[in-house]
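Peer 1: The listed protein sequences derive, respectively, from chains L and W.
Position one of the first sequence corresponds to residue 1 (our numbering), numbered consecutively onward.
Position one of the second sequence corresponds to residue 1 (our numbering), numbered consecutively onward.
Everything labelled a hint here was simulated from the structure, so no lab data went into it.
Not the full set, but computed from the structure, chain W residues with beta-carbon under 10 angstroms of chain L: (1) S338; (2) Q354; (3) V356.
These numbers come from a predicted model, not from an experiment.
Beta carbons are placed, not taken as given, at the ideal position from N, Cα and C, and that holds for glycine.
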Amino acid sequence: MADTLRQDTFVEFDHVQKSYDGETLVVKDLNLSMPKGEFLTMLGPSGSGKTTCLMMLAGFETATHGEIRLDGREINNIPPHKRGIGMVFQSYALFPHMTVAENLAFPLEVRGIGKSEREKQVKDALDMVQMGSFGSRRPAQLSGGQQQRIALARALVFRPELVLMDEPLGALDKQLREHMQFEITRLAHELGITTVYVTHDQTEALTMSDRVAVFDDGRIQQLAPPDELYEAPQNSFVAQFIGENNTLDGVIKEVNGGRALVQLDDGSLVDAKPVNVSKVGERTRVSIRPERVEFDMSRLEDGAHTLKADVLEFIYMGDIFRTRLRVAGNDDFVVKTRNAPDQVRLTPGTQIEIGWNADDCRALDAT
Amino acid sequence: MADATADIIQSQPQKLTTKDGKPLKAALAASQSRAKRKAFFLVLPLLAFMVLTFVMPIVQMLHQSVYNPGFTIHEDVISKEQTPIMVNLRDWFDENPRGTEPDETAYAAIVQDLIVLRELRAQGQAGTRINYERSGSRSLFTKSARRAPRMEAPFKQALLEIDEEWGDPELWAAMRDASSAYTPNFYLAAIDLTRTDDGSVERVNENRALYVNLFQRTLFLSVLITFLTFVLAYPIAHLLATLPLRYSNLLMIFVLLPFWTSLLVRTTSWMVLLQSQGVLNDAMVGTGILADENRIQMMYNQTGTIVAMTHILLPFMVLPLYSVMRPINPSYVRAARSLGATSWTAFRRIYFPQTVPGIGAGALLVFILAVGYYITPALVGGADGQLISNLIAFHMQKSLNWSLAAALASILLAGILILYWLYDRLIGIDNLKLG
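Just chain L, with the same shape it has in the complex (with noise of 0.2 angstroms):
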């Protein structure tokens, strides 16, 4: 997979490193390749490294060390305003001096284009956002989804073949929110922009990208398309932070080939499948979602183990319940299931059994 890309490789990230202070590393040796048109996500918490990935890429910090390429050219000495990349900023960042008119006009004046030519681009990255009747306005005078479509229409009206957008849906509300991720994601592809985007809203960067590098620490944890990181957490910190996640601590009992016999703090055994962990007697965490669990025993695979869990809250949500159990010791155990007619509703203070397919369930490292 690697070499694939290698071969198509629009921006890099060469061994990347940067400090703020000279004691600590705020980015710790990154290492990303992006092929044209692809729409990347940088998912982390905050202080993650991943909006001063951005920045670099911008060009409004330097790296400490390493090399940043785009299309193939080296830019960590390129000053902003020549690396031809368009930015979307969390604040929108809209000229409040002038009008939209003149705030998507603004890239195309300093690159010196004409006046006529300049007003024909201008009306067509309105239209494109379907604003096409507020050249006139002030930023002042749109609402905050309306600013939203003219900094993106601004940071496209160059035609930068990179765009990078900083949060930019943070502070609308969440219905306006869903709506721009389609709109966003739409213009991405129809213009084959190649877009580096930054959220710390999993389900933004999961309905959005082709891929999604989720960062913690400086490094990025795992670099995969959305199902893959969803479905194929690569260690504790993935799982948890994208979606919602079961954990239970134990200890490896036994590995065979692609399996693993866990036994679990309290003394009860589990199969999982291991992802990280190999030896015997490693500590480890085992992962399990919560659409994944089984009352069903019978849907098992034969000699499947299970486990002995208390109903302690059932909630209705409508099209899912949700049920809180106690397992293994665990008091946070939720499971999902669909409002199906068949489908049993667990009264609290009963116990039951409940189990899983070794393959949805997840042997990660113990941190």
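With chain L's structure known, arrange chain W on it following the hints.
Peer 2: Just chain W, lined up with the frame of chain L:
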């Protein structure tokens, strides 16, 4: 709000009332009037204070600038009794048009008036009033009044015997002007104009012209000082606005430090620095940059005024600039840079326009303060570093020509109001950001 309520009421077929039948409108007015009255009583002390200490003096100044009763009414110092003076002469002026050669009746009127002046001991006051227009007139009046009771007809000859001046048409023109208490002459004098014998207005003799020149200099120096404070303050304010808070707070203390020191101390410390035996000159001589005999004159001239006033007024420029720069999000400039602008273009097109309200406020503030500045030019300005306010003070304290001082001050006030109006038209007073 009130309009909206009115609309609703009008659109209703019958009048809305409260539960106990009172018309809603009246009830609303009653309930609001209580709150309004309360608010009014709260601001009343301030209002009274402002009227007493601000509005009244200005009104009085404006009045004084066109009204001077020195030649028309005498007020007794103790009894406060007011007596009209120079009544006979005024009658003669009323009967004879401007330019009439003064005849015997005119001189007789003067002698009669001089006798009254002597009785009232008002000859000095009347003489002073004429002295404003024509120097030497005060002694003419005192000396003539002393001898008036013993004079006999023909009075023209008698008066001319005391002093030839009595035949001077200029004196007669001055007396005619002074014989009415209300006169625009102080304004004429304040812009270096005078009335000729026949009543037409002309420029005063070149070597007596003073005020227009001084107004021009005041204007020029104020503009220059405003510009200098702007040039110095802009980078400081930018630094203050972009530094991390703990450093910017420290720097802010340095900016505000001058406010905690007396203005007089700051001015005198500039004297210590700038004088020819002062710190700066000593340092330059000491390091061999200057020869001892070539010490630079940096004080008692315009340089002194400019340097000291620029320093003293600097915080008034820094603070408004800082207050507009602080909330400017750094992402604006970043956005401009990412859109392809060089750092200079980003500054010129994006950053600078957003600081204009602060520049306007700072410039207006510094300019208005500079135009009326008094103590610093008085101390370090020397002869050619004086501003118009120094001359106003001179007329208030030394020459005691309060009407001229008031006229000068009124012109200054009018100038500032015009400037304020222009600012409102060009930039808009709503954009003013002081902090």
